[in-house]
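Participant: Listed below, chain by chain, are the residues.
Protein chains: 2
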Amino acid sequence: MIIDCHGHYTTAPAGHDKFREQQIKGLDDPAVMARLVLPKISDDEIRESLENAQLKLQRARGTDLTIFSPRASAMAHHIGNEETSLTWSRLCNDLIARVCALYPENFVGVCQLPQSPGVPPAHSAAELERCVKELGFIGCNLNPDPSGGHWTAPPLIDKSWYPLYEKMVELDVPAMVHVSSSCNPCFHATGAHYINADTTAFMQFIQGDLFKDFPSLRIVIPHGGGAVPYHWGRYRGLADMLKRPPLIEHVMQNVFFDTCVYHQPGIDLLLKVIPIENILFGSEMVGAVRGIDPETGHYFDDTKRYIEASALSAAEKRRIFAGNAMRVYPRLAAKLGAGA
Amino acid sequence: MIIDCHGHYTTAPAGHDKFREQQIKGLDDPAVMARLVLPKISDDEIRESLENAQLKLQRARGTDLTIFSPRASAMAHHIGNEETSLTWSRLCNDLIARVCALYPENFVGVCQLPQSPGVPPAHSAAELERCVKELGFIGCNLNPDPSGGHWTAPPLIDKSWYPLYEKMVELDVPAMVHVSSSCNPCFHATGAHYINADTTAFMQFIQGDLFKDFPSLRIVIPHGGGAVPYHWGRYRGLADMLKRPPLIEHVMQNVFFDTCVYHQPGIDLLLKVIPIENILFGSEMVGAVRGIDPETGHYFDDTKRYIEASALSAAEKRRIFAGNAMRVYPRLAAKLGAGA
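So the protein sequences, as listed, match chains Z and F.
By this note's numbering, the letter at position 110 of the first sequence is numbered 229, and the numbering carries on one by one without gaps.
By this note's numbering, the letter at position 226 of the second sequence is numbered 345, and the numbering carries on one by one without gaps.
These are calculated hints, taken from the structure and not from any lab test.
For glycine and all other residues, C-beta sits at the position ideal for the given N, C-alpha and C.
One thing to keep in mind: the hints can contain errors.
[To be verified] Derived DSS-like pairs: lysine-lysine, alpha-carbon spacing no greater than 27 Å straight-line: (1) F:Lys391 with Z:Lys436; (2) Z:Lys454 with Z:Lys286; (3) F:Lys362 with Z:Lys175; (4) F:Lys159 with F:Lys175; (5) Z:Lys362 with Z:Lys331; (6) Z:Lys137 with Z:Lys175; (7) F:Lys391 with Z:Lys423; (8) Z:Lys391 with F:Lys423; (9) F:Lys436 with Z:Lys391; (10) F:Lys391 with Z:Lys391; (11) F:Lys423 with F:Lys252; (12) F:Lys159 with F:Lys144; (13) F:Lys286 with F:Lys331; (14) F:Lys175 with Z:Lys362.
[To be verified] Chain F residues, not near chain Z, derived (Cβ > 12 Å throughout): (15) Met120; (16) Pro239; (17) Glu248.
Model the full assembly from the supplied sequences, consistent with the hints where possible.
Facilitator: See below:
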């Protein structure tokens with residue numbers, strides 16, 4: 120079985136995006152806001168949006184199940200206020216739930232949180248609980264920078280995040296640290312902001328003692344851990360300079376990297392320096408990079424090929440493709456166990 | 120010959136740091152500002168500050184010449200105003216010039232620019248010219264984020280940077296893109312801000328057409344290019360999605376990475392995916408990571424060992440150790456030619 124831990128609904132039906140467009144317009148125009156109604160999206164529209172995209176690619180590439188969340192770049196927590204974010208997040212999460220209901224073999228849900236700049240993360244706990252308990256979701260995406268590239272929120276080790284972590288622990292669900300679009304012209308979203316956020320989060324975890332306070336908290340850092348595996352020596356050295364325990368004890372009992380690294384040498388490095396038990400298969404498809412690599416003739420984001428072509432043993436590959444995800448997402452393991 | 124393209128004067132005599140301390144105090148206290156005088160630092164103090172640090176390590180590791188600049192984390196362009204930054208930058212640069220005069224075989228200067236948030240980069244051109252023409256410097260450090268972690272300056276492809284690039288081209292000197300300390304608690308300076316800035320700058324170059332406008336502009340991105348080599352497939356794919364030419368044509372005629380990557384697998388990746396002609400030997404010593412790697416028994420930042428242990432040919436190693444630096448820093452080549 121092959122579980123892709125990182126897929127976004129980047130192909131949602133037009134009505135969904137249209138609602139968001141009107142919602143944003145409504146922030147400046149009360150007449151538009153007054154006419155705003157939730158979109159009507161048919162099951163057929165949902166099927167169509169997936170059949171020629173994620174489902175086609177799952178079949179073509181031979182992956183089985185995608186841990187599926189709303190489009191990350193469209194979370195845009197910086198737009199509007201807490202209410203804007205809550206309305207949009209609920210709508211996005213409900214749509215994911217419909218996808219999962221239509222294709223229970225192919226998708227399992229992870230939610231977007233209704234974060235908003237300056238709003239305590241504690242306010243996101245209720246939507247997380249709703250998604251897990253009512254919609255059957257198995258995790259959440261946590262945005263370390265709801266300001267969209269201005270980095271005005273406290274670091275992830277700050278106590279203000281703790282109520283959300285408490286809820287995650289209570290529900291036994293992990294978070295993927297994932298920023299959204301950037302409204303700072305310095306940062307290209309998928310080329311700089313995403314990767315920077317991954318690197319930043321890891322360094323914050325080194326600086327703090329978060330996992331002493333939450334020994335069972337689990338965090339997935341996407342995009343292969345940002346710059347971290349490439350600079351693994353730097354991070355080991357910095358942990359030492361900051362008088363922290365070795366990374367394996369201090370961070371890597373709780374932090375996991377996905378395999379969204381779009382070339383063989385990058386994946387080979389990841390597999391070499393990061394313990395196998397900390398790596399989860401992910402592709403981010405359909406996502407950041409949609410083209411075909413002229414050097415290989417295959418999609419850049421067909422990361423399964425890189426894992427398969429690596430020097431790992433069959434048992435190690437199985438852990439990356441499925442075993443580790445079962446451990447990090449126990450609600451997925453329970454679902455699959457129940458379904459088996 | 121082995122040229123280290125990335126060394127900072129992190130061990131400057133106490134009087135130098137004391138001046139800075141008083142200068143910062145003076146921003147809030149006119150009485151302190153009124154008493155502020157330039158520090159008196161003897162040649163012996165300078166010798167002592169280097170003999171047990173950079174010079175000792177040069178000898179121990181077998182490197183010859185360090186391209187040497189003021190301590191990057193202390194540039195702190197975000198403190199005070201344009202005048203604060205100019206006074207401090209001139210002082211730092213003058214101190215580097217004294218180091219280079221005392222040890223002309225061991226050090227060659229690169230300057231700090233008197234950048235300040237909101238101040239046009241054009242205002243830094245005069246200090247660059249002074250350092251090159253009067254002090255014999257061969258390049259500069261360019262801070263893409265003078266705000267210190269708030270990223271309020273325009274991207275490096277913005278026209279506001281052009282007057283500074285024009286001066287660089289006129290003087291035939293490259294810039295190393297190098298941020299300073301972070302006053303944003305999200306970003307650890309050497310663990311997040313530095314690496315993020317490297318990644319961010321590279322992505323900005325992909326987005327723009329800077330090197331069409333300045334075909335002879337040369338930029339060094341330190342710390343092994345941030346996250347870029349690890350995500351080389353992502354950047355090739357993004358260039359394609361953004362309808363830019365292939366990276367080799369679009370960016371890599373003008374952009375170079377140093378080897379400040381503190382473990383063998385990271386260096387091996389760098390050497391594998393980035394063309395050899397784009398890689399300059401650098402160690403950042405004495406710098407970000409000062410300890411000994413318990414896995415190897417050697418200093419993390421003894422990057423010469425990693426290059427030597429790599430699979431490159433002797434000719435390729437020579438290019439990384441010296442040949443490429445001569446090409447990127449023609450004023451260094453001229454100096455060494457004259458000295459030979």
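Participant: All hints are to be evaluated individually against the structure, with a verdict given for each.
Facilitator: Hints and how they fare:
{"no.": "1", "hint": "F:Lys391 with Z:Lys436", "in the structure": "24 Å, holds"}
{"no.": "2", "hint": "Z:Lys454 with Z:Lys286", "in the structure": "20 Å, holds"}
{"no.": "3", "hint": "F:Lys362 with Z:Lys175", "in the structure": "25 Å, holds"}
{"no.": "4", "hint": "F:Lys159 with F:Lys175", "in the structure": "25 Å, holds"}
{"no.": "5", "hint": "Z:Lys362 with Z:Lys331", "in the structure": "15 Å, holds"}
{"no.": "6", "hint": "Z:Lys137 with Z:Lys175", "in the structure": "25 Å, holds"}
{"no.": "7", "hint": "F:Lys391 with Z:Lys423", "in the structure": "21 Å, holds"}
{"no.": "8", "hint": "Z:Lys391 with F:Lys423", "in the structure": "21 Å, holds"}
{"no.": "9", "hint": "F:Lys436 with Z:Lys391", "in the structure": "24 Å, holds"}
{"no.": "10", "hint": "F:Lys391 with Z:Lys391", "in the structure": "15 Å, holds"}
{"no.": "11", "hint": "F:Lys423 with F:Lys252", "in the structure": "32 Å, violated"}
{"no.": "12", "hint": "F:Lys159 with F:Lys144", "in the structure": "19 Å, holds"}
{"no.": "13", "hint": "F:Lys286 with F:Lys331", "in the structure": "17 Å, holds"}
{"no.": "14", "hint": "F:Lys175 with Z:Lys362", "in the structure": "25 Å, holds"}
{"no.": "15", "hint": "Met120", "in the structure": "26 Å, holds"}
{"no.": "16", "hint": "Pro239", "in the structure": "17 Å, holds"}
{"no.": "17", "hint": "Glu248", "in the structure": "27 Å, holds"}
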